[in-house]
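Asks: Kindly produce the complete structure, drawing on both the sequences and the hints.
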Amino acid sequence: MITGPIGIIFYSILLLFLPVLLAPLLKNNQRVLINASFLTASAASLLGIVAGVWTVGGAFTNRIILAAGLPDLPFHLRLDPLAGFFITVICLMSFFISVYSLGYIKGYLGRRPVTSLVIFYNLFLAGMMMVVLADDALFFLISWEVMAAASYFLVMFEDERIENRRAAFLYMIMAHIGAIAILLSFGVMAGLTAGLGGFNGYTFDAMRQAQFPIGWATTAFLLAFFGFAAKAGVVPLHVWLPEAHPVAPSNVSALMSGVMLKTAIYGIVRVTFDLLGTFPWWWGAIVLIFGLISAVMGVLYALMQHDLKRLLAYHSVENIGIILIGIGLSMIFTSFNFPMLASLALIAGLYHTMNHAVFKGLLFMGAGAVLHATNERNMEEMGGLIHRMPWTAALFLIGCVSISALPPFNGFVSEWLTFQAFLLSPALTSPLLKLLIPLGAALLALTGALAAACFVKAFGVTFLGHWRGHRMPHVHEADWFMRSGMILAAFTCLVLGVLPTFFIDWMNIIPEQLLGTKMGAGSGAFGWLWLAPVARERASYSGTIVFLGILVVVVAAYIILHVKPGAIQRVPIWDCGFGKLNERMQYNSTAFAMPIRRIFGFLFHIRERVKLTPAGAYPAVPKRLHYYLRIRDRFWGWLYRPVVEFSFWMSRRVGRLQQGRIQAYLIYSFITIIVLLVFSK
Amino acid sequence: MDLNIAAQLNSFLAAFVLLTAFGMLVQRRMYGLVHLFAWQGLFLSINTAIVGFEAGKHHLYISSLLTLTLKVILLPYILHVLIRRLKLHKEVEVVVNIPLTMLMGIALVIFSYYLMAPVSRLSTLVTRSTLAVALATVMIGLLMMITRRHAVTQIIGFLAMENGLFFAATSATYGMPLVVELGVALDILIAAFIFGIFFFHISTAFDSLDVEQMARLKEEE
Chain A
1 MITGPIGIIF YSILLLFLPV LLAPLLKNNQ RVLINASFLT ASAASLLGIV
51 AGVWTVGGAF TNRIILAAGL PDLPFHLRLD PLAGFFITVI CLMSFFISVY
101 SLGYIKGYLG RRPVTSLVIF YNLFLAGMMM VVLADDALFF LISWEVMAAA
151 SYFLVMFEDE RIENRRAAFL YMIMAHIGAI AILLSFGVMA GLTAGLGGFN
201 GYTFDAMRQA QFPIGWATTA FLLAFFGFAA KAGVVPLHVW LPEAHPVAPS
251 NVSALMSGVM LKTAIYGIVR VTFDLLGTFP WWWGAIVLIF GLISAVMGVL
301 YALMQHDLKR LLAYHSVENI GIILIGIGLS MIFTSFNFPM LASLALIAGL
351 YHTMNHAVFK GLLFMGAGAV LHATNERNME EMGGLIHRMP WTAALFLIGC
401 VSISALPPFN GFVSEWLTFQ AFLLSPALTS PLLKLLIPLG AALLALTGAL
451 AAACFVKAFG VTFLGHWRGH RMPHVHEADW FMRSGMILAA FTCLVLGVLP
501 TFFIDWMNII PEQLLGTKMG AGSGAFGWLW LAPVARERAS YSGTIVFLGI
551 LVVVVAAYII LHVKPGAIQR VPIWDCGFGK LNERMQYNST AFAMPIRRIF
601 GFLFHIRERV KLTPAGAYPA VPKRLHYYLR IRDRFWGWLY RPVVEFSFWM
651 SRRVGRLQQG RIQAYLIYSF ITIIVLLVFS K
Chain B
1 MDLNIAAQLN SFLAAFVLLT AFGMLVQRRM YGLVHLFAWQ GLFLSINTAI
51 VGFEAGKHHL YISSLLTLTL KVILLPYILH VLIRRLKLHK EVEVVVNIPL
101 TMLMGIALVI FSYYLMAPVS RLSTLVTRST LAVALATVMI GLLMMITRRH
151 AVTQIIGFLA MENGLFFAAT SATYGMPLVV ELGVALDILI AAFIFGIFFF
201 HISTAFDSLD VEQMARLKEE E
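Just so you know, the sequences run in chain order A and B.
Numbering-wise, my numbering puts 348 at position 348 of the first sequence, and it's gapless, one number per residue.
Numbering-wise, my numbering puts 126 at position 126 of the second sequence, and it's gapless, one number per residue.
Think of the hints as simulated: they come from the structure by calculation, not from any bench.
Cβ atoms here follow ideal geometry from the backbone N, Cα and C, with glycine treated the same way.
Keep in mind that the hints are not guaranteed to be accurate.
Pair by pair, the computed Cβ-Cβ distance ranges are [as the list claims (entries may be wrong)]:
| # | chain 1 | residue 1 | chain 2 | residue 2 | range |
| --- | --- | --- | --- | --- | --- |
| 1 | A | R652 | B | L186 | 54 to 60 Å |
| 2 | A | R652 | B | R85 | 53 to 59 Å |
| 3 | B | V95 | A | R656 | 16 to 22 Å |
| 4 | B | Y77 | A | G660 | 40 to 46 Å |
| 5 | A | G660 | B | A117 | 36 to 42 Å |
| 6 | A | R656 | B | L186 | 35 to 41 Å |
| 7 | A | P24 | B | H59 | 54 to 60 Å |
| 8 | B | L186 | A | P24 | 43 to 49 Å |
| 9 | B | A15 | A | G195 | 55 to 61 Å |
| 10 | B | L19 | A | G660 | 34 to 40 Å |
| 11 | B | I106 | A | P642 | 48 to 54 Å |
| 12 | A | G187 | B | H59 | 49 to 55 Å |
Replies: In structure tokens:
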């Protein structure tokens, strides 16, 4: 009998395996299968939330050793506050999304069987929880692969479309390249810990105790960072992300984008702060620089998209960048021995991890509701959905405000904390960093502004205006399961934004254990009301007061507008006397993003063409106009195409061995025999 | 029998085995090949009997008898039938011309002697000097498989290789245990049957037994 928080999580993982086993039996009754499995998943996630919150709050460190796995290499499981925090994030989102799935997956009823989706969904959740619990390299990698393989099959779910198969294949390749790097990194650490003769070094405990020479530690760190970055979608390893996330079913996209990427963040934090322990400052600089590149490039790519889910996927790249900025700053401060600042930056990164999970999950659920209702992912064909889907529109708007880092929602708090960490950098002594860090702060500000622009576009084009497609399909509001999932997530966004001090106090144990110092969260008489990361005089923020202020303004405006009848009038749009306005004349997403495309065009591979078809003899009066725009990722041509071409070239070379003539094959064996005879002599 | 005489007889027969191996390398006619193969089997069988007598290993008589029935009578008979049924009277096509093949064979023999020199020095058996010949026979069998185009000639090359292995076994260790030899003999027999049946089907299906045709089976570029 395993007790304590780790026991709860252990049993909740076992609970997740239940639908996996039952699914084949229930496959003839799909409705029961959906209800049973997603209710089980919700229950398991609730258990996980309880255990995670409990672990972090009580600062427990539990461990168990399972007599499973290879002989003499048992599985080690360990639950410490860091793991507990990620368990909370994972389970919080998987709870919301499982509730949402109860409604969303029913959309597949009668269209295609969902047995495989149910199986891999639960395996995927279990895999993510196992990754966080793992306390040895073997179990970690097994869980990592369970997670990767399950998500591969989920991306593959609608496999009749070639787009899905290609995306899944690309995802698989990237996941495996990353996994190889992680494996090598653990190999380096384990080998240095206990020598290459035995396997004793494979537990994380042994790695924690060991002292690594700087060269090998750097090798291990770089390999691990590469591997986790491939999973997290850090630019330039992000190419799989905008392909795989949009084509998966929306609940899975929400999980992948909101939660799965966070396991990579967990891996980076675990390896650098916990396993390696000490590091030079330039490791932090690497993390910071890649974080900045991802943040800026991610948001710029997102602006260019007109596929709603693809846009959201690129925003995950951006937000992973912001999280890495926090972690990178924390590493820099740690190595210069500023533990207070380091814990501030780490809290900023982790808090953004949690916030991003919640609002990105919410946005993907909203996009899923739109997709469910309209069967459309292309924003250019949407519009005016606020009239048909008021709930979804309002909830999606909350997600948009959160991700754009506007108060009083949660995105603001974590980005504000990141800025605070940036603004404290003059304490550093290295002149290079003094130059780099203000630049980073400026880029982060740019990112925030562009993200806001992007979500104005996403919300405006999708929900406002008129329907742009040829024929408005029968659009229906999301059902109550989907709505409750989204409402829960939106409410969490608000709570995390209004009462950040509680959460920061709760998770303050993590920097205390990893870095030795807490972040000073509150100060003064109303400690919980004011979030003051360094000192009250320097900077402080109160989500509650801002929220109340906004509430007062909104209520006042409502009263002023509604108290007098006739203050609001509905009139036709002024059409400049032209008189024939139609829905084709609205701003669309390409048009909205055009100014930004002009400014940052050099970062993309853009091909733009306008073709006029004149009407007969009057070239000045065009009959038809074709606008062609194609925007491609430059990284594909720079980084991936050479690799792809090289591997094809190598394969063709090697393929020449396959002559098809039996004599040739015999000659190969003949030569091999002779060579072996000569050399074995 | 004197030990010396036995050793000389052994070397003499080894020379004949090698000679027939070269003969097969040169022979262009299908029937000629089968006859040479039968002769090689006969020399092998006599050699086995002499070694058995010399070393006092009586199970070698049984292997000798087995060799005689299988490799001198049964397999050549099967090949004969195959050639007659499939009407393969024409000349054997070769990939590399005959003189060059001969030169390669000679090089292989020298190579084998060079390779086996340390082994022969260590061994105390009467038959040690023939080990190199046995290895050369194996190699020449492989060379024959490489240089011939026709499927039946490849089988003969394969069987010649097996002869070489058998010869190596008798000369290096006075033969393998009887069970193993019985097993190998049975394998060879079954292999020959299977080859025969397959060739029959291949030739009816494709109208040819030229292995060049198989080049079409590979993946298109």
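Asks: Looking back at the hints listed earlier, which ones does the structure fail to meet?
Replies: Of the numbered hints, 1, 2 and 4 do not hold.
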